Structure formats: structure tokens, C-alpha cells
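> Listed below are the residues making up each chain.
There are 2 protein chains.
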Amino acid sequence: MNMKAPWITYRPEIKVMDCTVRDGGLINDHCFEDGFVKAVYQTCIAAGIDYMEIGYCASRKLFATGKSGDWRFCEEDAIRRIVGENDSPMKLSVMADAGKCDWRNDILPKKDSVIDVVRVACYVHQIPEAADMIKDAKDKGYEVSCNLMAVSTIPEPDLDQALEVMAASDADVLCVVDSNGALYAEQIELLVKKYMAAVQCKKQIGIHAHNNLQLGFANTIEAIIHGANRLDATMAGLGRGAGNCPMELLLGFLRNPKFKIRPVLKLLQDHFVALRGQMDWGPSVPYNLSGQLNQHPRMAIAARSGPDKDKYVEFYDKCVSEG
Amino acid sequence: MNMKAPWITYRPEIKVMDCTVRDGGLINDHCFEDGFVKAVYQTCIAAGIDYMEIGYCASRKLFATGKSGDWRFCEEDAIRRIVGENDSPMKLSVMADAGKCDWRNDILPKKDSVIDVVRVACYVHQIPEAADMIKDAKDKGYEVSCNLMAVSTIPEPDLDQALEVMAASDADVLCVVDSNGALYAEQIELLVKKYMAAVQCKKQIGIHAHNNLQLGFANTIEAIIHGANRLDATMAGLGRGAGNCPMELLLGFLRNPKFKIRPVLKLLQDHFVALRGQMDWGPSVPYNLSGQLNQHPRMAIAARSGPDKDKYVEFYDKCVSEG
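Heads up: the protein sequence lines correspond to chains Z and B, in order. Each residue of the first sequence is one higher than the one before, starting from 1 at the first, in the numbering used here. Each residue of the second sequence is one higher than the one before, starting from 1001 at the first, in the numbering used here.
Don't read these hints as lab results, they were simulated from the structure. As the structure is a computational prediction, the values presented were derived from the model and not from experiment. Certain hints may be false.
Okay, derived cross-link-like pairs now, DSS-like style, lysine-lysine, Cα gap no bigger than 27 Å in a straight line [stated by the list, open to error]:
{"#": "1", "chain 1": "B", "residue 1": "Lys1004", "chain 2": "Z", "residue 2": "Lys260"}
{"#": "2", "chain 1": "Z", "residue 1": "Lys135", "chain 2": "Z", "residue 2": "Lys194"}
{"#": "3", "chain 1": "Z", "residue 1": "Lys193", "chain 2": "B", "residue 2": "Lys1004"}
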């Protein structure tokens, strides 16, 4: 039997994006203190991480701004308060949700911004707006990713059509996004192969996994095996609901010596041990169930935020009765 | 592209073993109260689980018995106190460690015991004693498994030799055991294929995964894909160190309608929420690191049991300095 070990080498094309502040902001309405955001930023640089996504560029006109934190809007001043001119090799990203941002006005020309990447997030019915957003961001000078969300819920013909549009767009990256945390490895394999076939080597494929089934890390590895070169992860897996692929696991797996895990461990002990007492995330039973049932995590999030957070049977009965 | 979905069917040959009390006993010196063990036992039956491993049959002569609980010894009286005559379709298992049990005397003839299965656990240097233990248990009338531990640390020639001995034995099952929780999916694939080739369809292959890298469940699925039909899991993943493949995830994945998840959810809310405050298990950072470094979890267990349990950098420096 061939016992060679491809996993001890590495693929230089692989790049890692930290989404801690962006995805984690969905737990606390984007209200991270500057000290925390700076610590994540500096850790990412020290760890050799390629990209950091700092938040959303939602529209202040569309959303009440009173309670949401700065990382929902990512205005240039707020970002520069943390990163200055970002005098580092790490690129900065913002996520632009179709239907939630005034992208024509709020996304500045690249020359006026410290941001490098715009990731356009959309549901499948929003593909037409996403296509316009991709063109706008590309014309303004940004690297662009298209993140088609909740792929586990998209019927095959719709996905094929969406992939045709995305493949024809100017986006540099198409990202497989398992918003429900519902996919198993074999499904990740099929999707990554499908996305790879659609782009015909002209774009990179990314993976954004959620951890409902404790498969966030495993599915990221599976995507790597089949050719994904853009990997999303977050510190301690921080992110909405069950959270994401944990950065400390991903960096421990990747063999490229440019990645350093020690700065991440320092960040975890200095900031995330305390955060565990203040925010709820990770693959608890309600998220296990919403993943198994391929449901949006909103019911599980509601369950986990109240006194019934550990009433698993009641939650299960509710999930299957509404099915 | 072929988009058929083999994962929505099931393989009737697959059988699940609950190891909650056995592996979990390594955290609390096997001191579970009868009420807890009974609850696990009754839940396993209600959930359609095929086997329950209730503990070790260590020798009372070899070990001081003052502080260890009954589930380290699994004397017939203790087991019957929980299960009576085990009037259920579920089979009961005990684990017999090479070098730690007086198997000739302590393992009764099958006709005198409510136990159905003996799982012989050994390190690779103990294969000769394990072979004797397998023969003894088989001659006494039991179904027998051979669990060669810490396979991630065994050099290839040693593993090949051990597999030759185990394949020639009367064991019904050979189990791939990732004691260090160090293996990635591609390694699981190679090992399961190697074990399958060794037994030439004459025995079943099992998988016992640990969860150091949040891969316990993923690696169990990977083993299934490549032919493993004997799956170990524990309620809430309870088990030494990072714990095991969580039963609630595994049952949610398996499609055989005989398995029911709801009784497991009831057990988790009634017993395991409280247990979280009393025992430490699961893939915390020190276990992530011992898995990444393919080390025995003993240093991580020591770290997690003291006031420095969240001093990750110090722990990392200690791990790599001893390398």
C-alpha cells in the first residue's frame, strides 16, 4: 500500500482569512472594543495570516446605528483607528451583504481606503444584485470574493445557474459557504469539485464552514484536499451560533512554515478565556440539531439566549414539529 | 457530475458501541454513581444502540481498590446491580487491558456472565499477551475485539507485524484506536484500508476516535466511508482528555431508523449539563496541542487539572521543549 503522506507537505497557494471580528460580531451586534479588535489584528499579523476580515459594510441609512457597533459599518475612520495605514503584509477585508448595504456610495475607491478585499455575500435569489456589486467593487480596484450563502439549501438547478453567473463575473474567489453547518465531508467534496469545475482554474475556491456538527475544521480540510485555496477561520472558532473553523486547529494543520500558532495561543489565553463567560458560541446541542436538520441557526440562537438553553428535548420537538 | 447521495442511505452492518462509562471512567477514577450508569444503560437501549461498554476488568490484586470505583473492575455483581439479566437486545462489553488484568481468573465463562463482549486493549509491545487474552476470551464464549492503542505512534513495520498476529487470531473485530487524537482523515483512510486488507473480510473493523482536534466525529465518518462497521461513541463525547466521538452527532448522522436520538437528548439535559460543572473533558487548547504534536494526553490532563489550565502559551512551550 502506498503510505506516502501528502499531508506533511504544503501548498503555497493556500491563504487563510481570519473572520473573528466579522463573524463574531453577529453574536454581540458588532460591539467589540478597540482593544480586542487591535489584539486580533496584531495576532493575525504575527501568526502569518494572509487576510483579516474586520466587519460588514452595512448601510447606516438602512439600519438604526444606535446599538450596533462600528464593525457592522466599517467606516474608513473606524478601521484606521485600529490599523492605521495597515503597514503589514496582511490584507484587510470587509463583507458586503446584498440587500443590506449602500455599496455604490459606501464602498470607496480602493485608492481612498485601507481595505484590500470586498467579499460580496448573497443568498441565491440575490445573485443579480451580487453580480452588480462584484462589478462595482472590482471597478473600484478591490480584490473580490463572492460568498453564496446557505449552499446546503440551494436546489441543484439554482446552484448551477448561480455558479454560471458567478463564474462569468469578475470575482477572484468563489466561496463555498455552509451557513447552516449542515454539510458532511462527502457533500463538501461534491460542492468543491462543482465550484472548481465551474471556474475552470480562472478563480480560486474558498471555504467558509460552520461548526454545528463539530465538522468546521474537518470540512475545511476536506475542501483543501479537493482544491480550495482560500480558507476562513476564526480565533477559538468565534462566530455566530456554533461558530467557525477554529484558527488554532487550522494553523496547527497547515504545514507552511510562515504560519505561527504561538501568537494565537497568546490571544486565546489573554482574551478568549474571559470571552467564554460573556458570549455563547460553539457546537452545543441545539446547534448540533439545527445542523443535522439543515435549518437556519436562528431558532437555536434564540434557545441558547434564554433560560431554556439546555432544554434539548423541548428544542428538538420544536424543530421537528415545524418541519 | 454524479450527484447521487450515498450518505442518505445506510449500511445495516454498522453497529454502535457506547463507551461513556468505560472511557469517561478515566476522568473520575471510575466513580460513577449507580443512577448515572443506569441512566446511560437505559438510554442506550432506548436509542437502539447495539453495544454498551460498562468498564474495565482490571485486577483488584494489581490495583488498590480503595479509591477506584466499581467500573474499573466490573465484577459480575456490580454489573448485575445495573442491568439485572440485561433483558434487552443490547450487548454488554468490558475492556480488558493487557498488563492490568488477571484475565485467566477474573473473566468468567460466558455462561456465568451477563457480559457479551470482551475488548482486549493493548499497546503494540503487548501483542503477545493480547493474543493469549483473545484466545482465552474466545474459548470462554465471548465475542472479542482487539483494540491496538495509540496507532498514531506505531512504526509501520511494527504495525504490519501486529496486524498479521491480530488477523490470525480469533478476534471478531480489530479496532483502529487513535488514543492521542492525532489523526487526520487521510490517515484514518490509510489505516482503515490497511486493517481491512489485513483481515480479508473475515473480521469487522472498528474505529475509536478521540476528539483532540475536533475530529472525533469526522474521523468516525471517514472510517465508515472506508468500511468500518463497529463505531465507538460516548454521550456528549465524555471520555478521557478531549473525549470521544459524541453519540448525539453520530446518531444524527446514521440513517438506520433503528437509532433514536431523542432519548440521548433527554440524558444529556438531565445528567450531562450538571456533569460539565464537575468534570473537565472536550477539545480545549491543551488537547488541541497534544493532538497536533501526537503526544499522549497526560501532560494536557495534568495542565487542565490545575490553576494553569488556560495558560496555553506556557503549555505549548513545555510541549515543544520536551520534543
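> Indicate, hint by hint, whether the structure satisfies it.
Consistency of the hints with the structure:
Restraint check for Lys1004 of chain B and Lys260 of chain Z: not satisfied, since their Cα atoms lie roughly 40 Å apart, outside the 27 Å limit. Between the alpha carbons of Lys135 of chain Z and Lys194 of chain Z the distance comes to roughly 23 Å, so the proposed pair stays at or under 27 Å and holds. A hinted pair counts as satisfied when its Cα atoms are at most 27 Å apart, and Lys193 of chain Z with Lys1004 of chain B qualifies at roughly 14 Å.
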